[in-house]
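Visitor: Sequence:
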Amino acid sequence: MGDQLIFRGTEGCRSLEAHLVSLGCKRLLLVCGRSLSHTPAGKFFGSLTERTGIEVIRFSGFSPNPDYNDIVDGVKCFRENGCDAVCGAGGGSAMDTAKCIKLFAALSDDRSYTSQQIIPNSIPLIAVPTTAGTGSEATRFAVIYQDGEKISVTDDSGLPEAVLLDPANLAGLPALHRNASMLDALCHAIESLWSVRATDESKEYSRSAVRMIVINMEGYISGGKECSRHMMEAAHTAGKAINITTTTAAHAMSYKLTRLYGIPHGHAAALCLPEVCRYLSENADKCSSGEEHLRSTLGEIPPLLGCESFDTALSFLTELPERLGLVTPQNVTDDDIELLAASVNAERLSNSPVIPDRNDIKEMYTHILRRK
Numbered sequence: 111m112g113d114q115l116i117f118r119g120t121e122g123c124r125s126l127e128a129h130l131v132s133l134g135c136k137r138l139l140l141v142c143g144r145s146l147s148h149t150p151a152g153k154f155f156g157s158l159t160e161r162t163g164i165e166v167i168r169f170s171g172f173s174p175n176p177d178y179n180d181i182v183d184g185v186k187c188f189r190e191n192g193c194d195a196v197c198g199a200g201g202g203s204a205m206d207t208a209k210c211i212k213l214f215a216a217l218s219d220d221r222s223y224t225s226q227q228i229i230p231n232s233i234p235l236i237a238v239p240t241t242a243g244t245g246s247e248a249t250r251f252a253v254i255y256q257d258g259e260k261i262s263v264t265d266d267s268g269l270p271e272a273v274l275l276d277p278a279n280l281a282g283l284p285a286l287h288r289n290a291s292m293l294d295a296l297c298h299a300i301e302s303l304w305s306v307r308a309t310d311e312s313k314e315y316s317r318s319a320v321r322m323i324v325i326n327m328e329g330y331i332s333g334g335k336e337c338s339r340h341m342m343e344a345a346h347t348a349g350k351a352i353n354i355t356t357t358t359a360a361h362a363m364s365y366k367l368t369r370l371y372g373i374p375h376g377h378a379a380a381l382c383l384p385e386v387c388r389y390l391s392e393n394a395d396k397c398s399s400g401e402e403h404l405r406s407t408l409g410e411i412p413p414l415l416g417c418e419s420f421d422t423a424l425s426f427l428t429e430l431p432e433r434l435g436l437v438t439p440q441n442v443t444d445d446d447i448e449l450l451a452a453s454v455n456a457e458r459l460s461n462s463p464v465i466p467d468r469n470d471i472k473e474m475y476t477h478i479l480r481r482k
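Take 111 as the starting number for the sequence shown in our numbering and just add one per residue.
It should be emphasised that the hints constitute simulated quantities derived from the structure, not laboratory data. The beta-carbon is built from N, C-alpha and C at its ideal position, and this holds for glycine as well. Watch out, some of these pointers could steer you wrong.
As the list claims (entries may be wrong) - With a straight-line Cα cutoff of 27 Å, these simulated DSS-like cross-link-like pairs (lysine-lysine) come out:
hint, residue 1, residue 2
1, K260, K472
2, K366, K472
3, K186, K260
Claimed, not checked - Simulated DEER-style distance windows between Cβ atoms:
hint, residue 1, residue 2, range
4, R144, D467, 38 to 46 Å
5, I261, E311, 25 to 33 Å
6, R124, R307, 32 to 40 Å
7, E328, D444, 37 to 45 Å
8, T476, Q227, 17 to 25 Å
9, I261, S398, 23 to 31 Å
10, T476, G400, 24 to 32 Å
11, S218, S419, 51 to 59 Å
12, E311, R118, 17 to 25 Å
13, S222, D310, 36 to 44 Å
From just these sequences and the hints, can you work out the full model?
Guide: In structure tokens, the structure reads:
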């Protein structure tokens with residue numbers, strides 16, 4: 111995986127513009143939501159043609175959890191307009207959609223893109239996050255849905271070559287998105303710490319991200335500019351961690367919660383995280399790398415969160431979504447629990463140091479959704 115160009119702040123906007131010009135870009139496909147126009151990023155792209163002659167083609171035809179058909183429409187838009195570069199500007203949905211458009215644009219359209227092997231291509235891919243959470247700008251993978259099923263699209267050429275991190279884009283973010291995306295970053299950082307694919311490099315990213323999130327949480331929630339800058343860096347750093355490790359059981363359990371109850375992805379992952387923490391602690395003797403290894407890893411979490419013990423860390427993580435005004439789904443049925451347990455992504459479970467079975471997963475969902 112190659113190095114990324116990271117541009118920061120107002121000066122970074124000028125650097126990104128110079129980069130697009132240096133690429134010889136003539137028609138840029140801008141994948142973004144309609145609300146982008148209210149952000150500094152929207153104003154930047156809105157006047158890009160006037161400043162550089164680069165034509166900007168907007169594509170906003172995607173849903174919050176991008177569907178395969180959205181990507182098909184995006185590829186069609188890219189081709190019909192003769193675009194030569196792609197930029198995802200927004201949250202994870204915009205960036206994941208942009209990645210898939212870039213990766214699928216070189217494939218045949220005579221059959222499903224997801225049935226074909228990805229062919230790395232040289233189409234420039236740019237990412238401009240306007241939330242601090244998903245870290246998608248730092249990863250090589252994307253998540254979309256096809257026929258209601260979650261699909262992971264992964265290739266090294268899906269890693270954006272250039273990224274603009276400008277905290278000014280966070281200023282108008284609604285509290286729901288601000289808080290849920292922050293929780294997503296926290297889950298990325300903690301899950302990557304215990305992932306079986308963790309390396310010394312990924313662990314340093316994880317630790318750094320958790321520290322930044324905890325230190326800046328209150329100031330970020332209240333809209334502090336400096337704390338927003340640090341939170342954007344934390345989310346990016348957590349993204350770098352999961353780009354190495356991928357996510358684990360908490361994320362595997364989160365996707366159907368979002369689909370079934372319509373709660374934000376970061377909120378869903380945060381509901382699952384403390385139960386997975388508890389499960390790992392109670393089953394540390396089953397860790398393939400040894401009980402001592404897992405207990406040592408779990409032992410890092412409390413001080414990173416500013417907690418005195420593992421139990422207080424679990425309480426902190428359990429109470430955090432509600433503290434942020436995020437409501438746990440109510441009136442959950444036994445059928446819901448069965449459906450959720452059947453949906454869990456086996457690939458993501460395999461990254462966990464202890465792999466829960468179906469009954470373990472049902473028990474965790476029950477604790478999460480029927481907690482008193």
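Visitor: With reference to the structure, classify each hint as holding or not holding.
Guide: The hints, checked one at a time:
1. In summary, the hint linking K260 to K472 is supported, as the alpha carbons are separated by about 20 Å, within the 27 Å threshold.
2. This hinted pair checks out: K366 and K472 have alpha carbons roughly 13 Å apart, not beyond 27 Å.
3. The straight-line distance between the Cα atoms of K186 and K260 is roughly 22 Å, inside the 27 Å bound, and the hint therefore holds.
4. Roughly 44 Å separates the CB atoms of R144 and D467, a value that falls within the hinted 38 to 46 Å.
5. With their beta carbons about 28 Å apart, I261 and E311 fall inside the hinted range of 25 to 33 Å.
6. For R124 and R307, the Cβ-Cβ distance of about 37 Å falls inside the hinted range of 32 to 40 Å, so the restraint holds.
7. For E328 and D444, the hinted distance range of 37 to 45 Å is satisfied, since their beta carbons lie about 39 Å from each other.
8. Between T476 and Q227 the C-beta distance comes to about 40 Å, which lies outside the given range of 17 to 25 Å.
9. Against the hinted window of 23 to 31 Å, the Cβ-Cβ separation of I261 and S398 comes to about 28 Å, which satisfies the hint.
10. Our hint of 24 to 32 Å for T476 and G400 holds, since their Cβ atoms are close to 29 Å apart.
11. Between S218 and S419 the CB atoms are about 56 Å apart, so this pair conforms to the stated range of 51 to 59 Å.
12. Under the hint 17 to 25 Å, the C-beta atoms of E311 and R118, about 21 Å apart, fit the expected range.
13. Checked against the hint of 36 to 44 Å, the C-beta distance between S222 and D310 comes to roughly 39 Å, which is consistent with it.
Comparing the model with each numbered hint stated earlier shows that hint 8 is the single one that does not hold.
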